[in-house]
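Add chain V to chain D, keeping to what the hints say.
Chains D and V, in that order, give the protein sequences.
Following the numbering used here, the numbering of the first sequence begins with 6 at its first residue and continues without gaps.
Following the numbering used here, the numbering of the second sequence begins with 12 at its first residue and continues without gaps.
Since the hints were made in silico from the structure, they are not lab data.
Given the structure is predicted, the values throughout are model-derived calculations rather than measurements.
Among the hints, a few may not be true.
What the hints assert, rightly or not - Which bits of chain D does chain V cover? Going by a derived footprint, with three or more residues having C-beta under 8 Å, they are:
| hint | segment |
| --- | --- |
| 1 | 21-28 |
| 2 | 41-47 |
| 3 | 50-57 |
| 4 | 61-74 |
| 5 | 90-103 |
Think of the CB as a built atom: it goes at the ideal place given N, C-alpha and C, for glycine as much as any other residue.
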Amino acid sequence: MIVKDVFSDVLLGLAVLIVAGASLGVLLMRDSYQKLHYVTPAALVAPLLVALAVLVQMGWYQNTGETFLALFFMAIAGPYLSHATMRAIRVRETGDWRPGRGHDSPAREKEQ
Amino acid sequence: MVLGFTAAAIAMLIAIIPAGITLCRGDLATAVVAYEFITAVIVMVLALLAQAFQRSGLFELPVILAVLMFGGGLVFVRTMERWL
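The following block holds chain D by itself, in its conformation from the complex:
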């Protein structure tokens, strides 16, 4: 019983450290592209540690299954959301997400 508690507490501590570090990364990085890289540890690694902590504490039970289900949805959604966000930021900045077609393309700069 005590070993289970210690192991789940260690996993939870790691998850909190990852979230705290990623949160500082979101605050301190220069632009949105760099900040976006710090969403992934909090959206994928930390939930995995939390799900493992629940598994250690409860064993294979309904609660564990639902926690892993939430983790599954986050793992599916994370890459799509990151890609869509990065694309939207680039479209806002240059007018087009494709290289050479936006405001920053060499052809457009030559025209201006």
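Just chain V now, kept in the frame of chain D:
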């Protein structure tokens, strides 16, 4: 109540304060990134609190929020790309 899970939930809520500052003070693109970060952490906080209070019914909330995070995030991002 499981103390470790409660403490972890409180610690995570404190840990998102820097992301909250980014959300409030950054430009629109930065705020969307901070919003995605905070939503992902809140999914974990809901799971931690459900485990802490030993309520099986509460475990549905993080599952629902994880699904809505995807749809809501895409709506925000698409709106930002097209109209804002």
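For each hint, the structure was consulted:
1. 21-28: holds (count 5)
2. 41-47: holds (count 4)
3. 50-57: Our answer is that it holds, as 4 residues pass the Cβ test (under 8 Å) against chain V, meeting three.
4. 61-74: holds (count 7)
5. 90-103: Satisfied; 6 residues make the cut.
Hint violations for this structure: none, all hints satisfied.
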